[in-house]
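S.K.: Take these sequences, add in the hints, and give me the full structure.
2 protein chains.
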Amino acid sequence: MQYENDILLRLLQGKQVERPPIWIMRQAGRILPEYREVRASLSGFKALVSNPDLASKVTIQPIDALGVDAAIIFSDILVIPEAMGLDYELIEKKGPFFHKTIENMEDVLALKEGQEAAEHLSYVYEAVAMTVEKLEQRVPLIGFAGAPWTLMCYMVEGSGSKTFYKTKSFLHKYPELSHALLEKLTKTIIAYLKKKISYGLEVVQVFDSWAGVLDKEMYKEFCLPYLKRINEAITEVPVILFSKGAWFSMDEIVGLKPNVVGLDWTLDPKEMRAKYGKDIIFQGNMDPTVLFAPKHLISSKVEKTIQSFGGNQIFNLGHGVYPQTPLDNVKHFVNEVRKFRY
Amino acid sequence: MQYENDILLRLLQGKQVERPPIWIMRQAGRILPEYREVRASLSGFKALVSNPDLASKVTIQPIDALGVDAAIIFSDILVIPEAMGLDYELIEKKGPFFHKTIENMEDVLALKEGQEAAEHLSYVYEAVAMTVEKLEQRVPLIGFAGAPWTLMCYMVEGSGSKTFYKTKSFLHKYPELSHALLEKLTKTIIAYLKKKISYGLEVVQVFDSWAGVLDKEMYKEFCLPYLKRINEAITEVPVILFSKGAWFSMDEIVGLKPNVVGLDWTLDPKEMRAKYGKDIIFQGNMDPTVLFAPKHLISSKVEKTIQSFGGNQIFNLGHGVYPQTPLDNVKHFVNEVRKFRY
Chain A
206 MQYENDILLR LLQGKQVERP PIWIMRQAGR ILPEYREVRA SLSGFKALVS
256 NPDLASKVTI QPIDALGVDA AIIFSDILVI PEAMGLDYEL IEKKGPFFHK
306 TIENMEDVLA LKEGQEAAEH LSYVYEAVAM TVEKLEQRVP LIGFAGAPWT
356 LMCYMVEGSG SKTFYKTKSF LHKYPELSHA LLEKLTKTII AYLKKKISYG
406 LEVVQVFDSW AGVLDKEMYK EFCLPYLKRI NEAITEVPVI LFSKGAWFSM
456 DEIVGLKPNV VGLDWTLDPK EMRAKYGKDI IFQGNMDPTV LFAPKHLISS
506 KVEKTIQSFG GNQIFNLGHG VYPQTPLDNV KHFVNEVRKF RY
Chain B
206 MQYENDILLR LLQGKQVERP PIWIMRQAGR ILPEYREVRA SLSGFKALVS
256 NPDLASKVTI QPIDALGVDA AIIFSDILVI PEAMGLDYEL IEKKGPFFHK
306 TIENMEDVLA LKEGQEAAEH LSYVYEAVAM TVEKLEQRVP LIGFAGAPWT
356 LMCYMVEGSG SKTFYKTKSF LHKYPELSHA LLEKLTKTII AYLKKKISYG
406 LEVVQVFDSW AGVLDKEMYK EFCLPYLKRI NEAITEVPVI LFSKGAWFSM
456 DEIVGLKPNV VGLDWTLDPK EMRAKYGKDI IFQGNMDPTV LFAPKHLISS
506 KVEKTIQSFG GNQIFNLGHG VYPQTPLDNV KHFVNEVRKF RY
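Chains as they are written, first to last, in this note's numbering: chain A, 206 to 547; chain B, 206 to 547.
Note that these hints are calculated values from the structure, not bench results. Heads up, some of the hints might be wrong.
[Unchecked claim] Restricting the straight-line Cα-Cα distance to at most 25 Å, the calculated cross-link-like pairs of lysine-lysine (DSS-like) are: (1) A:K421 - B:K500; (2) B:K371 - A:K536; (3) B:K371 - A:K500; (4) A:K421 - B:K475; (5) A:K462 - A:K483; (6) B:K317 - A:K371; (7) B:K500 - A:K378.
M.R.: Written as structure tokens, this is what we have:
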């Protein structure tokens with residue numbers, strides 16, 4: 206499809222771009238007053254995720270409000286565990302909570318997987334279709350899924366955690382059971398992404414948000430084989446792989462050859478470029494707290510980041526934008542990137 | 206002083222040791238039933254920290270229960286902010302909470318510092334003195350302090366956090382104010398450690414628990430200069446510096462030349478040894494969730510870790526032991542290390 210603003214797709218097709226394309230993780234969210242207004246009219250976050258009309262509405266808001274180069278469908282990584290049979294609640298200011306968690310093989314066997322699970326997510330596909338229509342080819346739409354390990358974290362731990370020690374212990378105690386769960390998750394993620402793509406996504410991002418609690422050895426055993434399968438299965442559109450905190454496995458992540466490798470702020474763009482070459486496209490990696498700084502510091506950090514990547518960069522933060530970030534600073538940030546010329 | 210078990214001190218003096226000495230972060234704590242019994246008799250964690258008789262009692266428990274090679278005084282890193290004038294509560298299952306946080310220069314100026322602040326911690330010095338007496342020269346006693354940055358995190362954020370985004374934003378917004386606070390913290394930490402050492406500590410550890418939320422550049426500006434001063438000021442006993450998550454600043458941390466560099470589990474002992482040479486003493490670095498695995502896996506991980514360090518290692522975990530760890534596994538772990546011979 207043709208887009209008014211196609212800078213992201215041009216970069217992904219290996220064409221010349223005049224500046225880095227930019228989008229922001231959590232751009233459709235609490236930083237925007239128009240989002241908070243929609244959200245306030247509903248009983249909770251899940252009511253928004255499961256309402257295709259409103260989900261598509263908030264997905265489009267940052268295109269107007271911020272001028273980013275892509276939309277990312279408003280949703281939640283935990284729709285997959287739910288579609289597999291594990292309901293969750295989102296408790297205000299506390300995060301996700303699962304009443305039932307995965308404890309044994311019976312629990313794993315009871316989970317739906319693949320197509321069968323993905324069929325339960327028609328509200329997401331509908332939201333994608335509605336967003337594509339409402340976008341009127343202004344910018345491309347990105348979709349996403351949580352990585353198998355990150356989804357497993359919530360399904361075993363039952364909630365967010367600083368350490369995910371229960372899930373990590375689970376890997377040590379029950380490696381076979383862990384692989385059985387990760388296998389089912391992988392099949393479901395692939396079916397879900399393929400189905401979503403068919404409704405009009407141009408790019409997908411796989412988030413391994415809790416990669417950083419593991420180490421190189423554990424990441425190799427419990428994460429990389431599944432990420433490899435997902436990356437190889439998704440041939441329809443480019444894949445962005447973002448394993449937050451997995452600095453210790455960067456060689457292997459780059460080795461999977463996703464179309465784009467996401468970097469958090471602890472990784473030095475210059476070193477990454479020197480190590481992995483000029484052809485790889487990186488996404489990232491500004492620390493989101495820089496957006497709380499005075500504007501002239503945001504400007505100089507933007508320029509420094511772009512120079513350090515030296516091209517082949519999708520500009521983004523190294524983590525989702527914090528809801529408390531001054532909106533004016535976020536706008537300034539996007540403008541600075543858009544003004545830049547290589 | 207002479208100790209029945211002096212293996213830790215022999216290693217620190219550069220003498221031959223037959224195996225790695227071992228102690229465990231949070232060894233005096235909820236993994237031990239005798240600790241939970243003491244704790245249950247009190248109104249809260251702070252009641253235990255501020256009671257020298259009971260604090261010394263629980264400090265000694267793991268020497269008998271686990272057979273570790275050193276005691277570490279039972280206390281809390283947040284006694285320093287409190288001594289400087291910022292009270293806190295410890296809320297059950299939630300963690301520390303400060304009613305007043307640092308917001309501006311007036312707040313920083315109002316804080317006590319150095320000797321004057323350290324004088325408020327007589328209950329800690331008394332606990333050290335009582336522990337030394339009760340230990341009867343069986344093993345040496347370790348003391349600790351939080352690093353300036355980690356203490357600042359709580360003083361600005363007001364509580365624990367996954368991201369400490371408020372404190373990180375504070376660094377960007379108010380760099381001078383941040384340095385003023387870090388300066389006062391540094392002076393207090395030095396005065397506190399020196400005073401504590403005079404009561405009979407043989408080793409001190411400085412914990413930079415939240416190093417990992419920063420990056421190389423921020424760590425260089427806001428952490429390393431203060432760690433350098435603390436490390437240089439403490440000449441009485443060896444210093445262990447443990448900056449958790451600061452893989453990006455290892456060159457600089459090693460460059461400070463503390464007597465021991467603590468490593469978390471994301472760092473590969475073999476790589477660290479190859480990079481920094483055979484003379485540096487490392488402490489670490491087993492992932493604490495390995496202790497939830499079957500015993501034969503704990504044994505093989507212990508052996509692999511010791512082989513990977515190739516000597517000059519204080520065996521420890523890469524983080525505090527989780528309270529839910531099976532006690533029997535912890536005992537097995539300590540025994541396996543003690544049985545090993547180089």
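S.K.: What hint numbers does the structure not satisfy?
M.R.: Failing hint: just 6.
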